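Engineer: In order, the protein sequence lines correspond to chains P and W.
Following my numbering, the numbering of the first sequence begins with 1103 at its first residue and continues without gaps.
Following my numbering, the numbering of the second sequence begins with 1103 at its first residue and continues without gaps.
Keep in mind that a hint or two might mislead.
Pairs of lysine to any residue residues, derived as SDA-like cross-links and limited to a Cα-Cα distance of at most 20 Å, are as follows [stated by the list, open to error]:
id, chain 1, residue 1, chain 2, residue 2
1, P, K1160, P, D1256
2, P, K1160, W, H1131
3, W, K1160, P, K1160
4, P, K1160, P, N1149
5, W, K1160, W, E1135
6, P, K1160, W, E1130
7, W, K1160, W, A1260
8, W, K1160, W, R1126
9, P, K1160, P, Q1231
10, W, K1160, W, D1191
11, P, K1160, P, A1209
12, W, K1160, P, H1131
Some residues of chain W that are not near chain P, with every Cβ distance over 12 Å (derived) [said to hold, decoys possible]:
id, residue
13, K1109
14, A1111
15, A1119
16, E1130
17, H1131
18, Y1155
19, L1182
20, A1239
21, G1249
22, E1279
23, A1297
24, V1314
Simulated from the structure, these hints should not be mistaken for laboratory data.
Values in this document were obtained by computation on a predicted structure and should not be read as measured data.
Just so it is clear, CB atoms sit at the ideal spot from N, CA and C, and this is done for glycine as well.
There are 2 protein chains.
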Amino acid sequence: MVSAAGKAARAQETREAILDAAERLFAEHGVGEVSNRQISEAAGQANHFAVGYHFGTKADLVRAIVRRYTADLEERRLRLLAEIGDSGDLRDWISCLVRPATDHLDALGVPSRRAQCMAQINTVPAMRQIVIEESAATPSMRASLVGMLRLLPDVPAAVRRERADMSRLLLVHALAERERALNEGGPAAPTTWAATATGLIDALVGLWTAAVSDEWTT
Amino acid sequence: MVSAAGKAARAQETREAILDAAERLFAEHGVGEVSNRQISEAAGQANHFAVGYHFGTKADLVRAIVRRYTADLEERRLRLLAEIGDSGDLRDWISCLVRPATDHLDALGVPSRRAQCMAQINTVPAMRQIVIEESAATPSMRASLVGMLRLLPDVPAAVRRERADMSRLLLVHALAERERALNEGGPAAPTTWAATATGLIDALVGLWTAAVSDEWTT
């Protein structure tokens, strides 16, 4: 007889196996190209409805993938926020947007499909909405954005939205491209995730503090 | 009897139909998920080997798609370069990287799949290499990059490479995301391709002139 605790542990293992299989298949083929049945099979489940049973729809599965990632980013970002206090240095606030992700990927090791899966999810508008709900709306992200924008009072609202989109696109795709290069064993310059973070933070400080052309301010 | 000129015109029409179908299918499903046979069918070709007959391998087809796009960008960029001469304003040189693409997409109209197809091509390393060969190596791109880097003597070589990658990722994915939003009829802020270009140029001027942290210079 299997205990209730044993059953729960086994269900949790199955869920993790499904999330890993989905992450890999989505990263390789795109979210729209993979069926729940294919994911169940790749996760070694005899029951082809395992994804539906454990998660629900594909959107529910994507939400679970995103949550597994953002739960860890949230912890890391809250620690960084505690460190910087009410810093007046824009770089500190932008670090809170970048380093949780690069530190997470560093800890994950090689090979990984997480950043590539997130990039694929981001290219499907309905799925991107899930990422925005699950990541942009967390307490640590709100605090980071508020802290950052407080130091950028002269950037008009429309330009803020535009630069927030650019920052998201740059981060999502730069992390995915580096993760893929590491998986393939090719040269991945810069050589560490920490150096990648530094380069991205420098660039984003420049992007956010860039002069705004007249077209926007008039 | 069909004249030789008539045959050549018909072959050209077929090639264009195949390029259009491939662009749409690649944009929607990803380059790796679509077979040459599916493209032939979508292009209305009774012969399922039409792609192979007219183009060769999938890499050859991708090269033809990229060339159709970059040939137009090249003309536009050469005109811009002639206008700016030996400008000492970084903004002018960065405009030569951005505006040919936004002007091209503006001329193309809605709906279009071109920018989304280019984004998909860019996510496959072997295919991205084709884009780099066909676009980064053109006379106008070399001239633009040389002109830009001449104004950035203090950026170390490793950081130049890194920021060139970031600029490529930001442009490719920002244009694709806006094209998709326009196709779907949703709100696409900023409201014109010209305003999109202005926002991207401002941001890239900031990105390229950003201070470089010690980690890179030591």
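Engineer: Regarding the assertion that A1119 of chain W does not contact chain P, is the least Cβ-Cβ distance greater than 12 Å?
Structural biologist: Fine: 24 Å to the nearest Cβ keeps A1119 of chain W off the interface.
Engineer: Starting from K1160 of chain P, check that the Cα of H1131 of chain W is at most 20 Å away, please.
Structural biologist: Given pair K1160 of chain P, H1131 of chain W holds - Cα atoms ~17 Å apart, limit 20 Å.
Engineer: At 12 Å, judged by beta carbons, does L1182 of chain W keep clear of chain P as stated?
Structural biologist: holds (17 Å)
Engineer: Would A1239 of chain W pass as off the interface with chain P, using Cβ distances and a cut of 12 Å?
Structural biologist: holds (19 Å)
Engineer: Taking the minimum C-beta separation from Y1155 of chain W to chain P, is that value above 12 Å?
Structural biologist: holds (27 Å)
Engineer: Would you mind confirming whether the straight-line C-alpha gap from K1160 of chain W to E1135 of chain W stays at or under 20 Å?
Structural biologist: Since the Cα atoms of K1160 of chain W and E1135 of chain W sit roughly 12 Å apart, the hinted pair holds (cutoff 20 Å).
Engineer: Is the nearest CB of chain P more than 12 Å from the CB of G1249 of chain W?
Structural biologist: Consistent with the label, G1249 of chain W stays out of reach of chain P, its closest Cβ about 19 Å off (over 12 Å).
Engineer: Minimum Cβ separation between H1131 of chain W and chain P greater than 12 Å?
Structural biologist: Non-interface label fails for H1131 of chain W: nearest chain P Cβ at 6 Å, not farther than 12 Å.
Engineer: Verify the proposed pairing of K1160 of chain P with D1256 of chain P, using a straight-line Cα cut of 20 Å.
Structural biologist: violated (42 Å)
Engineer: K1160 of chain W and A1260 of chain W: Cα distance at most 20 Å?
Structural biologist: violated (33 Å)
Engineer: Is the straight-line distance between the alpha-carbon of K1160 of chain W and that of D1191 of chain W 20 Å or less?
Structural biologist: violated (41 Å)
Engineer: Should the label of E1130 of chain W as a non-interface residue stand, given a Cβ cut-off of 12 Å to chain P?
Structural biologist: violated (8 Å)
Comparing the model with each numbered hint stated earlier shows that hints 1, 3, 7, 10, 11, 16, 17, 22, 23, 24 do not hold.
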